[in-house]
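A.B. asks: For reference, the chains in residue letters:
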Amino acid sequence: MQDAARPRTKIEVCNLTKRFGELLVLDDISFSVAEGEFVAIVGPTGCGKTTFLNTLSCLLPASNGQILIDGTPANPKRHNISYVFQEPTCLPWRTVRENVAYGMEVKGRPQKDIDERLDHILNLVGLTQCANLYPNQISASMQQRIAVSRAFAVDPDLLLMDEPYGQLDVKLRFYLEDELVSLWRKLQSTVLFITHNIEEAVYVSERILVLSNKPTRIKAEVKVDLPRPRDFMDPEFVRIREHVTDLIRWW
Amino acid sequence: MSQEATCNAASSSIANETVGQVVDRGPLNLARILTNRWFLHTVSIVAFFSLWDWLARSNVLGGGSSALARPLEVLEQLAVLTREELAELTLWGHVWASTQRVVVGFSIAAAIAVPLGLFMALNRYVNAIVKPLFDLLKPMPPISWISISILWFGIGETSKVFIIVLGTFVPCLLNAYNGVRLVEPELYDVVRMLGGRRRDEILHVCFPASFPAIFAGLQISLSIAWTCVLAAELVSARSGLGYIIVQGMNLSQPAMVIGGMAVIAAAAWGTTLLVTALERKLCPWKRKIAGL
Ligand SMILES: Nc1ncnc2c1ncn2[C@@H]1O[C@H](COP(=O)(O)OP(=O)(O)OP(=O)(O)O)[C@@H](O)[C@H]1O
Ligand SMILES: [Mg+2]
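Protein chains in written order, with our numbering: chain G, 1 to 251; chain F, 1 to 292.
Excised from the complex, chain F in its bound form:
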């Protein structure tokens, strides 16, 4: 934080406090390097890929050449997919197809569920009406809707987006609801003792206080969205990362299957980063927890 520096400089006669930072730098020695975080990260990653490569080469898992692809084979396969089209789309086209479904479904769900969750927490009549329906549908796994949604909407985009909306709706709503419920009551007192109205309480306390919980819900929703899109694409699709995996399976190409899996992980990670960045922007006040 740049402001901390200004605070540190020339403390006033009354505010004799400093908020500056001092970095604790000790001498570099072997023990420090061995226990360094980045060093350990590297060790674990390298060990993982070596073990993987060894397993694939030595064929201990059995299954002949189609059992497990080597890491480099996976990379090569992905490089091929970016050049050669699979069902009229390159790798990027498939990534975009899946991402588009996730973004559309996730946005629809968030746009409805977050305000609804806030309303439920703020108004007990809305709560009394929505809650029983919600509790009824909540335990149903979203993937169980795949067949019925294909019957209703066909195998196009709509059925996939529908599944995603169903899956992401629940955490979005629950987190918005709990975010408001768990606001510290003393903060309302600040508004009340100054003569604030209900509107002030909602705008200045409820909403900002529930932001972190809402964002936690969005993050959970996002990972569910990727699960849902994958499931829907595995069942029926002409494009998307799930389609690549299915093709890899049909063609007995483990490199393609694992490649698809890896790209899904990367894409899901990318969208998570976007939401994290948005949260940073909207909640600059949130305490950063070091090392997480």
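Next up, chain G with everything else stripped away, as it sits in the complex:
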């Protein structure tokens, strides 16, 4: 993308350090994400990707350093953040439909908007027919779709996704990757997308952050400046994919 279209910094991570007791997980990480940017994060298992998103969304306190969103310390009450957890988390006492509606309810949207948005979004992820079932009556991948649609439904400025599509079958994954990209373009929201799938990272993102093993730092940063819709067979696509794959030969 052109640099002229990059007016503001959305997220600024300054010297972020996170320890769990003696265990140093995030080691003095600094980077920034521009408004409207789509950043993918890849890194070895247990390097602290989930920990990073948890600190960003204030679910965990940072040990050191800070995270600024729009220039102020990150705060889910103030910033319109949506976070798709690695594990499917649905409220068991709400039906599929009520679960998807939950984010909008918390943010105090009017009921009419909620209903309209719900019909659209449930159809988008293919949950319409199961709208009135409870989470314990549906499969894990469908529960994960609830979490994805709950996050999409609030039109977030900042969308955090922690391996959201790991549970899904290939067909649904491709479909939802495209949906994510089109949602991102429409809302011009900022997206942080964690994945283990390098092809997926290259397909959706504009920039890929490659993390190292613990204590975790940013090992490399790869720009993905390809036109959309992207083609998996495009030589440039394949080159970037292989470049990232080389970078993450952690073993």
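If you are wondering where the hints come from, they were derived from the structure by calculation, not from laboratory data. It cannot be assumed that every hint is accurate.
Covered stretches of chain F (in silico footprint by chain G; criterion: 3 or more residues with CB under 8 angstroms from a CB of chain G, positions within the stretch not fixed) [said to hold, decoys possible]:
#1 192-203
#2 274-285
Just a few of them, taken from the derived set where beta-carbon distance is under 10 angstroms, the chain G residues facing chain F [stated by the list, open to error]:
#3 Asn80
#4 Ile81
#5 Gly103
#6 Ala151
#7 Val154
#8 Lys223
Calculated Cβ distances over 12 angstroms to all of chain F for the following chain G residues [to be verified]:
#9 Leu56
#10 Asp70
#11 Ser82
#12 Pro88
#13 Glu105
#14 Gln111
#15 Glu116
#16 Arg117
#17 Pro156
#18 Ser182
#19 Lys186
#20 Arg228
We put the beta carbon where it would ideally sit given N, CA and C, even for glycine.
Since chain G is already given, all that's left is putting chain F with the ligands on it; use the hints.
C.D. replies: Showing chain F with the ligands alone in chain G's frame:
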């Protein structure tokens, strides 16, 4: 579930999932009948009553005619009690007298203990104040209060309700407290990451999540309530199922004693069913565990 059928029909192109049910029906043969659940239930019930009847008839337990009543004698005795009054009440009157005490005592306890338990779990100051008192009184068996409550409240309704309240208070409170304590922390994260307030956490996560535990506490309380009411009536009462048992004992009529016991079991079972129905209504989301 009726919705499952709709889900099964015409799966969409994306949600290629079915949540329908297929009943596995094999051919009927002797082995299947012999291992059928209902067949085995019947066998065990029939065996129990036959053994009982045989023991009563053959008089192996000794004690002459007053030792053990036959099942049919018990039924006859109960039929008589529904027609003829005992201390100015028929059987139904006695059932109602006991049930009324249970319901009143149980309701009072639940109405105080459940909110208090929730408060204790949510607020550490309330917890710090209530917990020591609670821990002090908790190990005391409720029945040990019978004498003092008769001294305080006389032999009327109040003393019986008092015992029930004391006995049922503990499980109601403990379960509400633990119900909130054991909520999965990830569920709070759902509310927090969306910018929910503490109020949202309590209303949308704490309360619904603790419902099953609260209901488990209510069920335990209910059976304790019946124990308490029986104990109180055995000690002093002019009505109630415990009174029937005492009368049966005084009149040397084992059929009456066993009849009273059986009716208590039935009444306790009935109230349990009511609470179960209420739970079904309030927690439709709870996973049904087959065969329990
Ligand atoms: N609450 C915690 N207490 C102590 N250690 C923790 C805690 N949470 C995470 N860790 C540790 O921090 C490290 C990073 O964990 P994290 O879940 O962020 O990894 P991850 O990069 O998301 O891994 P994965 O790719 O498997 O999801 C791990 O070594 C883990 O053991
Ligand atoms: Mg993780």
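A.B. asks: Confirm or reject each hint.
C.D. replies: Status of each hint after checking the structure:
Counting residues of the segment 192-203 of chain F whose CB falls under 8 angstroms from any CB of chain G gives 7; the rule of at least 3 is met. Look at the segment 274-285 of chain F against chain G: 3 of its residues bring a Cβ nearer than 8 angstroms to a Cβ of that chain, three or more, so the hint holds. Residue-level restraint check for G:Asn80 holds (minimum Cβ-Cβ distance to chain F is 8 angstroms; threshold 10 angstroms). Interface restraint check for G:Ile81: the shortest CB-CB distance to chain F comes to about 6 angstroms, inside 10 angstroms, so the restraint holds.
Because the closest C-beta pair between G:Gly103 and chain F is about 5 angstroms apart, less than 10 angstroms, the hint holds. Interface restraint check for G:Ala151: the shortest CB-CB distance to chain F comes to about 9 angstroms, inside 10 angstroms, so the restraint holds. Checking G:Val154 against chain F: minimum C-beta separation of about 7 angstroms stays under 10 angstroms; hint holds. Evaluation of the G:Lys223 hint against chain F yields a violated restraint, the C-beta minimum of about 29 angstroms exceeding 10 angstroms.
The claim that G:Leu56 lies off the interface is violated: its Cβ sits roughly 10 angstroms from the closest Cβ of chain F, which falls inside the 12 angstroms cut-off. With a minimum CB-CB distance of about 14 angstroms to chain F, G:Asp70 clears the 12 angstroms threshold, and the non-interface call stands. A beta-carbon of chain F is positioned within 12 angstroms of the beta-carbon of G:Ser82; the least distance is around 7 angstroms. Against chain F, the non-interface label of G:Pro88 is violated: not every CB pair exceeds 12 angstroms, the least being about 10 angstroms.
The beta carbon of G:Glu105 is not kept farther than 12 angstroms from every beta carbon of chain F, the shortest such distance being approximately 8 angstroms. With a closest Cβ-Cβ approach of about 16 angstroms to chain F, G:Gln111 is found to remain outside the 12 angstroms limit, as its non-interface label requires. For G:Glu116, the requirement that its beta carbon stay farther than 12 angstroms from each beta carbon of chain F is met, with the minimum near 19 angstroms. Distance to chain F confirms G:Arg117 as a non-interface residue, since its nearest Cβ pair spans about 15 angstroms, more than 12 angstroms.
Interface exclusion of G:Pro156 from chain F breaks down, the closest Cβ pair being 9 angstroms apart, not more than 12 angstroms. Residue-level check passed: G:Ser182 sits 15 angstroms from the nearest beta carbon of chain F, beyond 12 angstroms. With a least CB separation of 19 angstroms from chain F, G:Lys186 remains clear of the 12 angstroms interface cut-off, as annotated. The Cβ of G:Arg228 sits about 21 angstroms from the closest Cβ of chain F, beyond the 12 angstroms cut-off, so the non-interface label holds.
Hint check: violations occur at hints 8, 9, 11, 12, 13 and 17; the rest are consistent with the structure.
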